[in-house]
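Chains as they are written, first to last, in our numbering: chain A, 245 to 581; chain B, 35 to 286.
One or more of the hints may lead you astray.
Mimicking DSBU-like on lysine-lysine, the simulated pairs with C-alpha atoms at most 35 Å apart in a straight line are [claimed, not checked]:
1. B:275 to B:94
2. A:389 to A:468
3. A:372 to B:275
4. A:468 to B:94
5. A:372 to A:389
6. A:372 to A:286
Covered stretches of chain A, as calculated for chain B (at least 3 residues, CB under 8 Å) [unchecked claim]:
7. 444 to 453
8. 462 to 469
Examples of chain A residues lying across from chain B (beta carbon under 10 Å, computed) [claimed, not checked]:
9. 291
10. 295
11. 296
12. 418
13. 440
14. 456
15. 473
16. 574
No lab work stands behind these hints: they were computed from the structure. The C-beta atom is built at its ideal place from N, Cα and C for all residues, glycine as well.
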Amino acid sequence: MADAVVLPTPKAELSPTRAIGATRWIAIFFFAIALAFAIVAKSLGDTFYLRLATEALIFGGLALSVDLLLGCTGLLPLGQALFFGLGAYASALTLKSWGDSFWIALAVGACVSALVGIVAGLIAIRSKGVYFALISFGLAQVVSKIVFNTRELGASDGIIGVPPAAVLPGVASTDPVAFFLVTLAFVALVYAGLAYVMETPFGRQLAAIRSNQHRLAFIGFDPKRAKLAVFVLAAAIAGASGALYPMMRGFVSPELMFFQVSGNAVINVIVGGTGTLIGPLYGAALLTALRSVIGSYTEHHQIVIGVLFMVVVIVAPKGLIGYAAALIQRRRTRTAA
Amino acid sequence: MTADIALSVRDLTLRFGALTAVADVGFDAQRGAITAVIGPNGAGKSSLFNLISGAIAPSKGSVVLDGRDVTGHAPHRLLAAGLARSFQITNLFFDLPVHENLRLAAQFLERGRGALRPIASSRVATERVAELLDEFQLGARADALAGTLSHGEQRRLEIAVATAARPTVLLLDEPTQGMSHADTRDTGELIRSLSRDRGLTILLVEHDVDLVMSLSDHVVVMHQGHKLAEGTPAAVRADPKVQSAYFGTAHA
Numbered sequence: 245m246a247d248a249v250v251l252p253t254p255k256a257e258l259s260p261t262r263a264i265g266a267t268r269w270i271a272i273f274f275f276a277i278a279l280a281f282a283i284v285a286k287s288l289g290d291t292f293y294l295r296l297a298t299e300a301l302i303f304g305g306l307a308l309s310v311d312l313l314l315g316c317t318g319l320l321p322l323g324q325a326l327f328f329g330l331g332a333y334a335s336a337l338t339l340k341s342w343g344d345s346f347w348i349a350l351a352v353g354a355c356v357s358a359l360v361g362i363v364a365g366l367i368a369i370r371s372k373g374v375y376f377a378l379i380s381f382g383l384a385q386v387v388s389k390i391v392f393n394t395r396e397l398g399a400s401d402g403i404i405g406v407p408p409a410a411v412l413p414g415v416a417s418t419d420p421v422a423f424f425l426v427t428l429a430f431v432a433l434v435y436a437g438l439a440y441v442m443e444t445p446f447g448r449q450l451a452a453i454r455s456n457q458h459r460l461a462f463i464g465f466d467p468k469r470a471k472l473a474v475f476v477l478a479a480a481i482a483g484a485s486g487a488l489y490p491m492m493r494g495f496v497s498p499e500l501m502f503f504q505v506s507g508n509a510v511i512n513v514i515v516g517g518t519g520t521l522i523g524p525l526y527g528a529a530l531l532t533a534l535r536s537v538i539g540s541y542t543e544h545h546q547i548v549i550g551v552l553f554m555v556v557v558i559v560a561p562k563g564l565i566g567y568a569a570a571l572i573q574r575r576r577t578r579t580a581a
Numbered sequence: 035m036t037a038d039i040a041l042s043v044r045d046l047t048l049r050f051g052a053l054t055a056v057a058d059v060g061f062d063a064q065r066g067a068i069t070a071v072i073g074p075n076g077a078g079k080s081s082l083f084n085l086i087s088g089a090i091a092p093s094k095g096s097v098v099l100d101g102r103d104v105t106g107h108a109p110h111r112l113l114a115a116g117l118a119r120s121f122q123i124t125n126l127f128f129d130l131p132v133h134e135n136l137r138l139a140a141q142f143l144e145r146g147r148g149a150l151r152p153i154a155s156s157r158v159a160t161e162r163v164a165e166l167l168d169e170f171q172l173g174a175r176a177d178a179l180a181g182t183l184s185h186g187e188q189r190r191l192e193i194a195v196a197t198a199a200r201p202t203v204l205l206l207d208e209p210t211q212g213m214s215h216a217d218t219r220d221t222g223e224l225i226r227s228l229s230r231d232r233g234l235t236i237l238l239v240e241h242d243v244d245l246v247m248s249l250s251d252h253v254v255v256m257h258q259g260h261k262l263a264e265g266t267p268a269a270v271r272a273d274p275k276v277q278s279a280y281f282g283t284a285h286a
């Protein structure tokens, strides 16, 4: 008896266009916790954890730029540290030679990375999948080796003695609480900006590229143009994040462009939750904390991180926040039904 | 330039090294009519479609759309000129909801609006999506991910996505591919209404000869990369060359 085929009820699966909306409260929670942390740390007179948390946020900015490419657009960048490092170097040189303006150093860092991003993007977006990943990796290798061998940029030592930036008159980037809050505001703005962009026609083109790039041209959009635009945007975000680094640390080194940094950014994104935007920030915070805690017991902390990465990929392939968001989404659909 | 010819193909040729997939094919598609391209497997129908729709650049020949030479234009430029296509192998945004598939395709209608204004306020695309959900009977499945639809629904969505930007010329690549008899009949009705009610010029590659014969105003027969014959369905059916190459001698 040929009964009508029973269609599978659509599962409340997390599509790229739903992941960010479903995690809005998780995002608000993140920033609230960060603020509470700042208040507690300030009242306890802490410096160490504030600086560690600031570093986590700076690498969180880099992770956001990776998620924009990987989670939102479906392009895996294995050399995003290139733009992070360029921003850091540009910011360090600006602070050293053009004065202590926070805003100018930040803008120069973002612009230098965006400009290099145009050139690198024109090369990288011609390819897809694993080839895109390898080209982005190769570009970062080439540039980091050039920097490593350029005496004017301090070669393997990098640039040391970068003066602090003046965030506001009288507030220097060496003030741990102030600079934590500045970095938090920066990351919050980037997060909110990207969450907004994903709800615009441009953002939806990115989701379409991730889903099925081939069809995009046949509904009237040039996928190359959108890919170049997102690549340059991600480069600028990575550059601006990198620009914050020497303000806190007082130095930059070629290691900032090395694969370790690119790879860690991808791990932060995947552990936190690809395509959720907030996940990468949780990932960066969690893994920076883990590295610090485990690093105080053993120098082989990468082994622990590696195992954690594998466990997450197997147990919750959508990452911690992706997993939570799917639960929320499912419950919401159930109450709606 | 004749005003009632929407699409004109001249000497279109595609060579892959020594192999010629499409050889000097030329025909006109009348405005508002349904033109079908038929032929046995490997006749070059899909290659021809890929050439016309900008998926592949031709080795030789031209494609003229509304009197404008659009040969070798990229697909997104062709849509701006009014030509859209669907795919034989369903080619959707499978991990996006049905309504988002349609909204993405309808987004083209508002391309002057600014790529960074929230989609929530884009009235034209929203209205177009509602219209399409209704016209293609996908309203009940609007929130489902495209990948979870049944085959028949996916084929309908495939055509809906292709028509969302209100093209003037629509290329349908085996729209009934893999469909049941009843679904094939419904799809035939749908195509007929797109032509009759919307005034779309339709170019169709189709396997189902009965459907082609009942639906088309004009039929182009391809065989081994060449155009074998063209004419009204009746004329083509009666053509002895076509009978021996395509229908087999049983019809003779």
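Discussion item. Need the list of violated hint numbers for this structure, in ascending order.
Written reply: 3, 6, 9, 10, 11, 12 and 16
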